[in-house]
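> Take these sequences, add in the hints, and give me the full structure.
Residue numbers (the numbering used here), protein chains in the order written: chain A, 3 to 329; chain B, 19 to 360; chain C, 53 to 393; chain D, 724 to 1317.
Keeping only pairs whose Cα atoms sit at most 16 Å apart, straight-line, the calculated EDC-like set for lysine to aspartate or glutamate is:
1. D:Lys1057 x D:Asp1023
2. D:Lys968 x A:Glu99
3. D:Lys963 x A:Glu99
4. D:Lys791 x D:Asp1008
5. D:Lys1082 x D:Glu1145
6. D:Lys1251 x D:Asp854
7. D:Lys965 x A:Asp79
8. A:Lys137 x B:Asp78
9. D:Lys1169 x D:Glu1189
10. A:Lys137 x A:Glu221
11. D:Lys965 x A:Glu99
12. A:Lys137 x B:Glu80
13. D:Lys985 x A:Glu274
14. D:Lys1057 x D:Glu1300
15. D:Lys1057 x D:Asp1294
16. D:Lys1082 x D:Glu1277
17. D:Lys985 x A:Glu99
18. D:Lys1276 x D:Asp1080
19. D:Lys985 x A:Asp107
20. D:Lys959 x D:Asp969
21. D:Lys930 x D:Asp864
In case anyone wonders, no lab produced these hints; they're calculated from the structure.
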Amino acid sequence: MFRFLVRRTLGALLILLIISALTFVLFYVAPRDPARAACGKLCTPQTLALVRHNLGISDPLPVQYWHWLVGVFAGRDYTGLGHCPAPCLGYSFTNHEPVLGLITDRFPTTLSLSIGSAVVFVVFGVGTGMIAAVKQGRALDKIASSASLVGSSLQIYIVGVVAMYYLSDEWHLLPRPQDSAGFTQDPGAWFKGLLLPWLVLALIFTANYTRMTRSQLVESLSEDYVRTARAKGLSRRTVFFRFAWRGAMGPIVTILGLDIGYLLGGAIITEETFGLHGIGALSIKAVRDNDLPLLLGVVLTAAAAIVVANIVVDAVYALIDPRIRLA
Amino acid sequence: MNTPFLSVRDLRVAFSTEDGLVRAVDGLSFDLEQGSTLGIVGESGSGKSVTNLAILGLHDREHTDVDGEILLDGKDLLTATERELERLRGNTMSMIFQDALASLSPFHTVGRQIGETYRKHTGASRHEARARSVEMLRRVGIPQPDLRVDDYPHQFSGGMRQRAMIAMALVCDPELLIADEPTTALDVTVQAQIMDLLKDLQQEFGTAIVFVTHDLGVIANIADDVLVMYGGRCVERGTRNQVLRTPQHPYTWGLLGSMPSLDGPVDVPLSPIPGLPPSLLNPPSGCRFHPRCAFAEKVHGGRCATDSPPLEINGGGRGTACHLTAEQRREFFVDYATPQPN
Amino acid sequence: MSGTDPLLDVTGLTKHFPVRGGFPVRRTVGAVQAVDGLDLRVAEGESLGLVGESGCGKSTTGRLITRLLEPTAGKITYAGQDITHASRKELAPVRSEIQMIFQDPYASLNPRHTVGKIVSGPMEINGIDPKGGRERRARELLEIVGLNPEHYNRFPHEFSGGQRQRIGVARALALSPRLVVADEPVSALDVSIQAQVVNLLQTLQRDLGIAFVFIAHDLAIVRHFSQRVAVMYLGRIVETADRDDLYENPRHPYTRALLSAVPEATASDTPPRTRIRLTGDVPSPLNPPSGCRFRTRCWKATERCAAEAPALVRVEGNGVGHLTACHYPEAGRTMTSQAAA
Amino acid sequence: MSISRRNFVIATSVAAGGSMVLSACSSGGGGGGTGGSGSTSTAKYSAVSIGTADDSKGPAPEVTGARKGGTIHPIGPDDFSHLDPQRIYYSWNSTVGNLYIRCLTGYKIASGGAMKLVGDLATDTGTMSDDGKTWTFTLKDGLKWEDGSELTVEDVRHGIERGFASFTTEGATYLQSALTGTNDFRSVYKGPYGGKHLSSVVTDTAKKTITFHLRTARPDLNWTLAMHSYGAVPVKHDTKEKYDKDPVSCGPYRIKQHSVDKSLTLVRNTHWDPATDPIRNAYPDSFVFEFGPEGLQATDRLIADSGGDEFAVMAYSGVPAERIQKVLGTADLKARTVDGLLTGLYYYAINCKRITDVKVRQALNYAWPLEQIRRIYGGPSAGEYATTVLSPDIAGRVKFDIYGKLTKPQGDTAKAKALLKEAGKLGQKIVYTYPQGASDAYDKTKVVIAAALKEAGFDPVVKPVESTSYYDQIQQIDNQFDVMWFGWSPDWPTGYTLLQPLFDGTTIANGANNVSQLNVPWVNAAIKKDAVIADPAKANAAWAALDRQIMEKEAPIIPETYQRRYYLYGDKVGGGEFDPLFSAFILYKLYAKA
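Structural data, given as structure tokens:
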């Protein structure tokens, strides 16, 4: 397992490097000039040049990228803003906040949003999937499958806004979702604050998990070793959970890992709908403000989340199914 | 005659599918004594495997209706509750399958799977169950059983997996073992080893065995009595020698004629049974073999196509379901079967 | 064995599949020695049986002969032309003369093509237009293999296993080949259907004079079909001879053990043949035993067997063309043959 | 916000205005004509004056019914981009700047919007000499920083000198150019960190005076000094680039906590002495800004008025079009609304280098369909027709309507066609452009514009430009456009800040704001002459006259609208007033009801 992790981590670093270079190039392809924003109303060419110098974007592209790279690995000194320690992702063009600080400050919101909604769609999705599989073909199966299908076709920004309007504003059942109450200080408020976004975000994923769980369980229930287990006299319940469920778990864990990796990159629509300040909201700001360091930071966070999710998923899959040998 | 250990009376198994009712087993009866082996032979679609699953009650109740009678030690399994069946399965009666790799769980070690059955029926501790598993693995001839007990099925070779499955089936010393084509997927040398193993275990444990296969050679080697199935029905029964040396039913002749032998004449072509196996959705009327039977028109009044011949059983359990008279059978058998030595 | 030039002449045929792994860089760490120095000859119109247990390399040999796989070493000569490393272009003329029949009737036919297209496929690919058109030729072929020509526009899923195998045979005959490699053509079929296909192949060989390499694990069927038989064990031929010599006078311990393990349907009251039971399983081709590869399961193996691999030669007491690769070949004839004499 | 003040004001209100629902009839109650429906009197901004030394004495006049205590929650879409005074130029940053920054002068805003320039840190609005080339101010007593240390003239000078540093590129540049006589002022002086002071600024700590010696006469310098870009900064606590994170307050509130893009909390600055401050009241104990909700979200929360939003106010994102009718139509919501005209003017600049014939430019003015355009923006509630360059909030602005746009807002195509025939320019090709993607309103207005131009005998060609690179393209002097949608807002309410940047021929350059590239000798001379008129009243009258002459003789632009914006506040909030200068709430007048 260790060798597998080492090899895959090296691969991951390479991927992140390539993505960062690509983002750099793509940023400068766009016709907009980041310096104009900080140049004030009467923007004389001299001021513009000074701003470019301050932002460090007056050097040629490769030099800029090299400085950025050195910053990431060895830290970097900025005139006036002082030294930025080793994993230094630079300072945001607009508010000169350290990008790493912005991301670590926003990540807990995205993390709690992703994990929370993951719990919801796993419980509901897999739950209904199991019921549908056990009660295959009968009414309950049809209801469970179609209900989750309807759920997933709704759009966050409609359901979210309507839900928020009624649940928070009209009936005051739930407080307005906001991420200010950190988990540690006040878990109660944190939970109530994020309950609505969890439910709404989970809506989309539930159907996938219902359908997938149902088909995986139906398939593994028809496996020979399940029949052997019953031939050994084990009860239906034991057979279901110890054998059929174990067989179905592999693919579900894989998809779950990838989905969480995707969510950790920032659920932009959900964060916007509920006014949550997660990585998603940060990425919108980065794009709108032409903020290269912040953009790089956000893109790399999302990419890292997905790449790590992939590695974890492969490792977990090998734990579930002994037949798989990690290269 | 004391009551037979296992007796199946007029067993019918039918599946409801989208295209209609599939009558896989259509009135099958047989008995099995303690310590003896009944060979059930038949081609695919003859209903042999369905019978096994019916005995263990493993059919899906919604889509299958099973009726008739299956008495195990006097107790009718068809009316037993699921809980009662669970107590019997793996304890009093157990089953081994053709493809051991698919039939053993890939997620659990061999030792755990064997121990599981033992613990379920004897309430033994995990430690005792493990010791029992090692013991059983040694008994079925697996080298270094104390090491291999912690291996997974995919780490075993074909032959060893089959042995592990047998160990699992016999761990609670069952009185009845149902074997569904256990050697078909094995190479001939390994197949021989497994058959020897089953015969030794039968002597040692006195287990009654129902051995299902399509290979008459395997039947000849292991079965005491033989039952030939075609289209969900029994067409011929008797002891091994009776059925193999003096077969009465044209289908049995056809099977024997289709098999090349190691020392028979070579230049004479095989005499196969023409046509295709019967469809179970709308089986042929009357005797289900009549469309492929070379002697159907020999029976006057074309009764083969109209009414299905009953299985007449004489005293010794010998029986055939065919309208041909005994005289006609003797005469046709002689010129049909190629000259068989001895 | 006819003295004339053999249709197919294979010497030292070897195929090793590389096994990759290792850390941190993936490289070849071993090789599965599927076929390891095979010599065999097939004359025009002759049928050679290739028999052995799973993992002995018989299917790989079949794929090497039809050049679906490229050999690691050795030479394959077909009708005087060396096709060992021939490129696709060079193989073209030869390709139409060597055809193959596969084991699984369900997987070897394209479910989306009609029977007609399947059978006339080879003609299209090789651009051959028989007189009277391809369709007529295809219908003719269906008739030859015992199928109703009206089935021309039907799809494979509408046929039984046996019928599909016949379609496979018809496809193989489309280009009137001189050599057909049949890889376990009947082992997936029921006994009665099996016999029908074996009879069909026999009549085709007799009438069309096609040379066959008949690969199977069922010794009885191989005996029935082939004039000469080669027994393989772990990538090597341990014994090859004419049919009667091999079945009645097997000299190699493995052949003897194989024959004794086959369950015979002709139950006779006389005591069964000398029962030889091999212990253990076929070793892994990743690192086969040194010297004679059968030594780990042979009851009379000695140090010499481990040190020196026995050559495939005509040992003393063998008929013409009867070659055995064993330092201590078995003596005398088998029980059955004595009884028959 | 990242885009410059001008774009910002335009972009946001465009977003607000632009996405107005195309309501056929004029919205809300109230008659048609110029009187905006439901708007209070339109003339309320004409009163801009200069206050006396007495006006400059604190404390600020009490807001009737106000009470101390409580917390106000402004909700805005985005965090403040800068808190360092020398880097504040956007009005969004100025709304919070009012609470902790003080400059030499400031505006005392009476209820109803009348603005009076008074001395803030200075005892009065300063004394001008040498025809506007020299200005002197005296500091009041009792001015303290939040840590209790005394605010001296050195701190005021330090604020001015920081405007030259390399990191304050976002701030205003008027004073720096006036002191050094060149726009490239950083090449003359590099900021206070080199140990050298700016020779043209003389301070006398004993007498608490500070004197500015300008290279060019600037009679309206005291207005310029009211900009937050020239706020004082304590020499001892100047952390240079880091000052932007945690500025030191000399105003009624100080910054307690700031979590970027999420929230900003200000609490009372105990060392601020109300007696020294004629402008700011300080009723609430604290302000807690919440960043994130966009216009629609913030409006809905204010409408719901629950869960703590009773103390909230909309900060800088106005009520969007979708909610205008609901807000103006419901009595209790309307009672919690403040509205006003945005500073500045929206217009269509005519490229005088390509359209050289004045008659054609006048024909364009006649033909332009203002009524149809305003209807697309949402009718009268969206704002008023513009007919002059100077916007209503400019001191001394005189309203005139040369091209009869108020009588015939739908456009007089017949007169336009006649003019074209007269000039022999029938079928004149006109290339019209606007920012595409900023809002869908312009995709609709282009249709009515093209129709009107065709009817008037022009050959209109519409070529929209992607909104994010719109300004880069139309500010190229060799662009291929004839008529360009544009907008401009002044930095302080005098004629100079509109006419000079838009029509001074000498400023024409790539990236400059004289987009119509008007370069007429008599106009350039008039601007130079009016800029140095010392007496404010005379100067204002001169600017108003120039406004009329330019529109009459040159018609370089087609004025469109003065946009109106609406803000909602919670029902527990009192003292809501519309700030004519920064188009938002005047935070320091708000109070929290019991």
